[in-house]
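Work the whole structure out from these sequences, hints included.
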Amino acid sequence: MGFEETKDSSGVVVVRVDGQLIVGNRQELKDLVNRALDAGERKFLIDFGRTGYIDSSGLGALVSLSKRVRELGGELRLSGLNEDLRSLFELTKLDTLFAIADTPEQALANF
Amino acid sequence: MGFEETKDSSGVVVVRVDGQLIVGNRQELKDLVNRALDAGERKFLIDFGRTGYIDSSGLGALVSLSKRVRELGGELRLSGLNEDLRSLFELTKLDTLFAIADTPEQALANF
Amino acid sequence: MTTAPLQLCVRRSQSAASAALATQVTLRMPSDVGCIEQAVSLVARHCLTGTAGCDRLRFRLQVAVAEALANAVIRGNREDPRKWVYVEAELLPDRIHVYVTDEGDGFDPAQVPEPVLPEQLFESCGRGLFLIRKLVDEVRFNEQGNSICMTLSRQ
Amino acid sequence: MTTAPLQLCVRRSQSAASAALATQVTLRMPSDVGCIEQAVSLVARHCLTGTAGCDRLRFRLQVAVAEALANAVIRGNREDPRKWVYVEAELLPDRIHVYVTDEGDGFDPAQVPEPVLPEQLFESCGRGLFLIRKLVDEVRFNEQGNSICMTLSRQ
Ligand SMILES: Nc1ncnc2c1ncn2[C@@H]1O[C@H](COP(=O)(O)OP(=O)(O)O)[C@@H](O)[C@H]1O
Ligand SMILES: Nc1ncnc2c1ncn2[C@@H]1O[C@H](COP(=O)(O)OP(=O)(O)O)[C@@H](O)[C@H]1O
Chain A
70 MGFEETKDSS
80 GVVVVRVDGQ
90 LIVGNRQELK
100 DLVNRALDAG
110 ERKFLIDFGR
120 TGYIDSSGLG
130 ALVSLSKRVR
140 ELGGELRLSG
150 LNEDLRSLFE
160 LTKLDTLFAI
170 ADTPEQALAN
180 F
Chain B
70 MGFEETKDSS
80 GVVVVRVDGQ
90 LIVGNRQELK
100 DLVNRALDAG
110 ERKFLIDFGR
120 TGYIDSSGLG
130 ALVSLSKRVR
140 ELGGELRLSG
150 LNEDLRSLFE
160 LTKLDTLFAI
170 ADTPEQALAN
180 F
Chain C
344 MTTAPLQLCV
354 RRSQSAASAA
364 LATQVTLRMP
374 SDVGCIEQAV
384 SLVARHCLTG
394 TAGCDRLRFR
404 LQVAVAEALA
414 NAVIRGNRED
424 PRKWVYVEAE
434 LLPDRIHVYV
444 TDEGDGFDPA
454 QVPEPVLPEQ
464 LFESCGRGLF
474 LIRKLVDEVR
484 FNEQGNSICM
494 TLSRQ
Chain D
344 MTTAPLQLCV
354 RRSQSAASAA
364 LATQVTLRMP
374 SDVGCIEQAV
384 SLVARHCLTG
394 TAGCDRLRFR
404 LQVAVAEALA
414 NAVIRGNRED
424 PRKWVYVEAE
434 LLPDRIHVYV
444 TDEGDGFDPA
454 QVPEPVLPEQ
464 LFESCGRGLF
474 LIRKLVDEVR
484 FNEQGNSICM
494 TLSRQ
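In order, the protein sequences belong to chains A, B, C and D. Everything in the first sequence is counted per our numbering, starting at 70 for the first residue and increasing by one. Everything in the second sequence is counted per our numbering, starting at 70 for the first residue and increasing by one. Everything in the third sequence is counted per our numbering, starting at 344 for the first residue and increasing by one. Everything in the fourth sequence is counted per our numbering, starting at 344 for the first residue and increasing by one.
One or more hints might be untrue.
Far from chain D by the CB rule (all over 12 Å, computed), these chain C residues [unchecked claim]:
#, residue
1, 377
2, 417
3, 424
4, 446
5, 459
6, 460
7, 462
8, 463
9, 468
10, 469
11, 482
12, 484
If you want a taste of the chain B side facing chain C, the calculated C-beta under 7 Å gives, among others [said to hold, decoys possible]:
#, residue
13, 153
14, 160
15, 161
Hints listed in this document are in silico derivations from the structure and should not be mistaken for laboratory results. From the three backbone atoms N, C-alpha and C, an ideal C-beta is built for every residue, glycine too.
Next comes the structure, spelled out in structure tokens:
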């Protein structure tokens, strides 16, 4: 369980969520993205291809990160949500707030 | 199941509740006592020595009968409540509203 | 005395593969107060099979179920003959859950006044929920308020 | 990552005399958000033993239990290390009940606003109970509001 951060050739910070994104670790994700923002990064992709489940705190962390990134003129996208994970965004109507791609490759293609 | 009505030598109408006193039959008991009131009876003993359980409608029927009897200058007493039945009167504080005797004999002795 | 039909269906564990699973007892009752006594007696019998020396438990169960059925029939379904009352019991090692569900609009149990206040004492109704709360070990409602779950500990 | 102790105790039917009775699974958890993931995984494993092909059920169970535990730890017990969270699961033939109980004051779930209203959409919290209600088949609270019961149908 943890977050793996890589930087794509086109300058997108890709964060892969391994395991859960929940109340116990969402601060770690927020710290990671905020540090990158402070370092001048503006493009983010959070990939959930290896994620088990997300709780409402995890969803909330994504909402506030996305807000902050946008305020600084950047963009945060999501990818790799399986059917179950995607249903959480649909139920909470957060699918209207995020650009969601099926795979990280698709998300990066037109970033 | 039913109500058995007898008249004691000292003029007390004794009603024995066989089975349950619940929402499905409390009107029968009310009708029985009201008819006796109309016929001039003023002393009533309801005996629960053969009663299984009483529901809140049954308790309510006893409250309204007792009120009516008292308004007409009569008295309504209770007897034969086992521990379980007595607990219903205690929980609802109705034990403060009724004269409750252990046995019909005790209730009749000083009516 | 009405003799409208009750539907009783006792389901037992079918899944031999997994661990022992509870017996569930299901009953459907018409919205008729004349059926309550018979329903109470069926539920009590099926819930307490194999339980010895449980007179106090039986009494508490009978009164609580009778109250919940009366509320479901009268308050919930308003005695509408087209509506049913559903009873379901779940038998667990150390407790019994009994669900009573009606087809009414539900209500907010937090708004029901205490019937033991001096000014309420002479009222002829309003003691049902209070008795249920006193007699069972736990009460839960669904969020609509048309289904009560009453839990009784076996010990 | 905190590694505070969890107490897990799986009880099964002992009464051979009576009919099959449900398995109950009990767990006690400290008021520490760091324990939630482990607790969720234990509960899911014990609830779904012997149930094949239940990925969707497992997911719904995991998220719902995680949410209920987070509320119990943070909202109920306010992360007070002297207070516990109690989890109990009842495994029945066609459904699972999971109870999560905290030692807090409780609350009135009817007062919680809908998080999908446009003006709530950008909030970073307030989606927990909503998700629970959407993911499980039935939600009941005790009358104090410090204990939630979540019911999931097996099918
Ligand atoms: N199943 C139900 N559906 C709707 N309202 C109910 C239900 N059960 C109880 N109530 C409401 O709660 C009140 C109190 O119920 P209770 O304590 O049983 O007393 P009573 O039914 O004698 O009035 C009822 O008057 C009714 O307004
Ligand atoms: N166990 C609980 N004890 C006390 N209050 C609770 C509990 N669970 C939920 N609440 C209250 O309900 C509100 C909504 O909960 P929820 O939808 O899970 O969102 P969040 O916890 O993110 O605010 C909480 O803010 C809290 O006020």
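Now for the hints, and whether the structure bears them out:
Every beta carbon of chain D lies more than 12 Å from that of residue 377 (chain C), the smallest distance being close to 30 Å; the non-interface claim holds. At roughly 22 Å, the least C-beta separation between residue 417 (chain C) and chain D is larger than 12 Å, which holds for a residue marked as non-interface. With a minimum CB-CB distance of about 27 Å to chain D, residue 424 (chain C) clears the 12 Å threshold, and the non-interface call stands. The Cβ of residue 446 (chain C) sits about 16 Å from the closest Cβ of chain D, beyond the 12 Å cut-off, so the non-interface label holds.
In this structure residue 459 (chain C) is separated from chain D by more than 12 Å, as the shortest Cβ-Cβ distance comes to about 17 Å. Look at residue 460 (chain C): its CB is around 18 Å from the nearest CB on chain D, clear of 12 Å, so calling it non-interface holds up. Against the 12 Å criterion, residue 462 (chain C) stays outside the reach of chain D, whose nearest CB is about 23 Å from its own CB. With a minimum CB-CB distance of about 19 Å to chain D, residue 463 (chain C) clears the 12 Å threshold, and the non-interface call stands.
Annotated as non-interface, residue 468 (chain C) keeps its C-beta farther than 12 Å from every C-beta of chain D; the closest such distance is 20 Å. With a cut of 12 Å on Cβ distances, residue 469 (chain C) stays outside the contact zone with chain D, its closest approach being about 17 Å. Residue placement check: residue 482 (chain C) does not keep its beta carbon more than 12 Å from all beta carbons of chain D (closest about 6 Å). Listed as outside the interface, residue 484 (chain C) is inconsistent with that label: its C-beta sits roughly 6 Å from the nearest C-beta of chain D, within the 12 Å cut-off.
Interface hint status for residue 153 (chain B): upheld, as the beta-carbon distance to the closest one in chain C is roughly 4 Å, under 7 Å. Hint on residue 160 (chain B) holds. Least Cβ distance to chain C is approximately 5 Å, under the 7 Å limit. A distance limit of 7 Å between C-beta atoms decides the matter here; for residue 161 (chain B) the minimum to chain C is near 5 Å, and the interface restraint holds.
Of the numbered hints listed earlier, those contradicted by the structure are 11 and 12.
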